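**Student:** Here the protein sequences come in this chain order: G and S. The first sequence begins at 13 in the working numbering and counts up by one. The second sequence begins at 6 in the working numbering and counts up by one.
Honestly, the hints are just simulated from the structure, not real lab data. All values derive from a computational prediction rather than experimental measurement. Quick reminder that beta carbons are idealized off the backbone N, C-alpha and C, glycines included. There's no promise every hint is true.
Stated by the list, open to error - Distance condition first, Cα-Cα at most 30 angstroms in a straight line; then the derived DSSO-like pairs of lysine-lysine: (1) S:K451 / G:K80; (2) G:K90 / S:K458; (3) S:K451 / G:K90; (4) S:K426 / G:K90.
Claimed, not checked - Non-contacting residues of chain G with respect to chain S, defined by C-beta distances greater than 12 angstroms in every case (computed): (5) V21; (6) E22; (7) N35; (8) A44; (9) E56; (10) E57.
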Amino acid sequence: MAKVNLGGVEIEIDEDGFIQDPNVWNEKVAEALASTEDVPNMTEEHWKVVKYLREYYLKYNIAPMIRKMCKDTQVDLKHMYELFPSGPAKGACKIAGLPKPTGCV
Amino acid sequence: MPQTAKNENIEKGNMQKQPSENVKNTEKKQKRNYPFFAIENPIEENRIPVFIKTMEAVLKDDKYRLLLDLYLNTCASCNSCADQCHLYQTTHEEKDLPAYRSNMLRAVYRKYFTTSGKLLGGFVGAKALKEDDIDNMIESFYRCTMCRRCAVECPMGVDNALITRIGRCVIGELNLAPKNFTVSSYQQLYGVGNTSSIPKEAFIDTLDFLQDEIKDMTGHSVEFPRDKVGAEYLFIAPVSDYIMEADTLMGTAMTLQAAGADWTIGTGYYDAINYGLFYSDTVTADALNKLLAEAYRLKVKKILIGECGHATKTAKLFVDVFGKHQFPIQNVMEYTAEAIKKGRVKLNPEVNQETVTYHDPCNLGRGLGIYEPPRNIVKAAVKHFVELQPNREKNYCCGGGGGSVTVPDMYNFRMNLAGIKKVEQIKASGAKYLAAPCANCKKQLKELVEYHKLPVTVVGVHDLLIRALLM
Chain G
13 MAKVNLGGVE IEIDEDGFIQ DPNVWNEKVA EALASTEDVP NMTEEHWKVV KYLREYYLKY
73 NIAPMIRKMC KDTQVDLKHM YELFPSGPAK GACKIAGLPK PTGCV
Chain S
6 MPQTAKNENI EKGNMQKQPS ENVKNTEKKQ KRNYPFFAIE NPIEENRIPV FIKTMEAVLK
66 DDKYRLLLDL YLNTCASCNS CADQCHLYQT THEEKDLPAY RSNMLRAVYR KYFTTSGKLL
126 GGFVGAKALK EDDIDNMIES FYRCTMCRRC AVECPMGVDN ALITRIGRCV IGELNLAPKN
186 FTVSSYQQLY GVGNTSSIPK EAFIDTLDFL QDEIKDMTGH SVEFPRDKVG AEYLFIAPVS
246 DYIMEADTLM GTAMTLQAAG ADWTIGTGYY DAINYGLFYS DTVTADALNK LLAEAYRLKV
306 KKILIGECGH ATKTAKLFVD VFGKHQFPIQ NVMEYTAEAI KKGRVKLNPE VNQETVTYHD
366 PCNLGRGLGI YEPPRNIVKA AVKHFVELQP NREKNYCCGG GGGSVTVPDM YNFRMNLAGI
426 KKVEQIKASG AKYLAAPCAN CKKQLKELVE YHKLPVTVVG VHDLLIRALL M
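Chain G with its partners taken away, still in its complex shape (with noise of 0.2 angstroms):
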């Protein structure tokens, strides 16, 4: 497994990118694995998605249902995916430190 430095901190990463251990991440940690998902500058939309995602991890141990993600941050799937341009299930999780998904997602 590859360590990377990510912000400031050295994280070790699977082959596509997500951290290993959620309990490492923090808002600077989530800026710099913003910037390996082609979003350049995370905004208070970013935010407030990477938030609630982290939040709901943290309770259920997994990401949201898409939909109910969309509901809850008020953020259509259509602008969910121009915020986050590999998708809510890949990108958003990522940069909020969640384990990379597994199964059919």
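Go by the hints and put chain S onto chain G.
**Tutor:** Frame of chain G, contents of chain S only:
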């Protein structure tokens, strides 16, 4: 023949060198490279003897013995499969010829398991297995999406997709399978309990959300019943739908309620996905038995599988073979089509005015012959229906079959090679909506639409029923 004898000696020489080469590799702790996709803990030593031993066991297995003897002995090399393969039609590369791929396994079969091959070697197409051959098989067996379009037209009746599956199962014994298969199957069988790693509390939260969402969207109170002992149907979806496909699940629950179905979801086990179909009989059996155990626990009469091709095929075809319990297995396409036909579900197609087309998932269509039920549902739910050309048994794979849609490293392959025939078909249809009752196909088709900027929206079949249902 002297020439053949010489070749034989060279081949034998290679075989004899093999163990010492392996020792050398071990001493240097040299790691192999797997450029096609990430692999978890591949076996690096004694690959050739393990391969041959595994193949020997497969050939003795009652399920495969007769078919393999037939398929591996029968290929006229006419290459009519080349005309059928969506991948070969796009790449025109030798390695994508179904017959070429099958010959990789056929050569080993002839060399080690037939008298003529042992005696005559290359003269009868037999070839000693080399380390490089195994590495080449990884890519070749996984570039095949196991769609079986070639099997429909083979004049000798050879099913190259079955040979691909056996090949994958054999190299699977060397742990040569995509990391996402092994990681997800581990979660399903020994970890969280499903391939998407959704814990039970999150699953229940999602069911509650879906109920609220139906109420918000349609005003109807629709229940996702849970753990109802003695229900007629246990409904089980590909678990990824609970992250990706809200509309499909809502449309299905609404349809079941409208039809008056006595159904339940099991919160003990809720994943119909079975990656074993793509690489391992052991995983196939274990995942299927978890599903059957949940049906047994809830004392249901039948199992109803959601919009997923491979899950339906695996359950229907293997329940007799591996099942510790026996249950009748139905796909939700069959259920809903029947409910419409009997008048238990009424639809108003006027609400769906846009043109809709239908994609036959390979595992539902060519795999199980479920061609008409989904069409009957779509035609009853929409005003304008057009067929993709070609369709039914001649339909093209979405390009993400055989599990490739779940392998992140294969994204470019799926977008630029395996999915190209599908893109052409979709463009030619002129449809605004493309309905596909399969989680695997939907993911691939949505990614294709996004990548190629196609003016079409991908939906599930039951998504179309949300507004059309008269409740």
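**Student:** Quick check for students: does the CB of G:E57 sit more than 12 angstroms from each CB in chain S?
**Tutor:** holds (20 angstroms)
**Student:** Just double-check G:E56 for me: nearest Cβ-Cβ distance to chain S has to come out over 12 angstroms.
**Tutor:** holds (25 angstroms)
**Student:** Are the Cα atoms of S:K451 and G:K80 separated by 30 angstroms or less?
**Tutor:** holds (19 angstroms)
**Student:** Has the given pair, S:K451 with G:K90, been kept, meaning a C-alpha gap of at most 30 angstroms?
**Tutor:** At roughly 13 angstroms apart (the allowed maximum being 30 angstroms), G:K90 and S:K451 satisfy the hint.
**Student:** Examine each Cβ of chain S, and state whether all of them lie more than 12 angstroms from the Cβ of G:A44.
**Tutor:** holds (20 angstroms)
**Student:** Does the claim that G:N35 lies off the interface hold, with its Cβ farther than 12 angstroms from every Cβ of chain S?
**Tutor:** Non-interface label stands for G:N35: nearest chain S Cβ at 17 angstroms, farther than 12 angstroms.
**Student:** With d taken as the least Cβ-Cβ distance between G:V21 and chain S, does d exceed 12 angstroms?
**Tutor:** Answer for G:V21: holds, closest chain S Cβ roughly 24 angstroms.
**Student:** Hinted pair, alpha-carbon criterion (30 angstroms max): G:K90, S:K458. Please report holds or violated.
**Tutor:** Roughly 13 angstroms separates the two Cα atoms, so the pair holds.
**Student:** Quick one, are S:K426 and G:K90 close enough, alpha carbons at most 30 angstroms?
**Tutor:** holds (26 angstroms)
**Student:** In terms of Cβ atoms, is chain S entirely out of 12 angstroms range of G:E22?
**Tutor:** About 22 angstroms separates G:E22 from the closest Cβ of chain S, which puts it past 12 angstroms; holds.
Hint violations for this structure: none, all hints satisfied.
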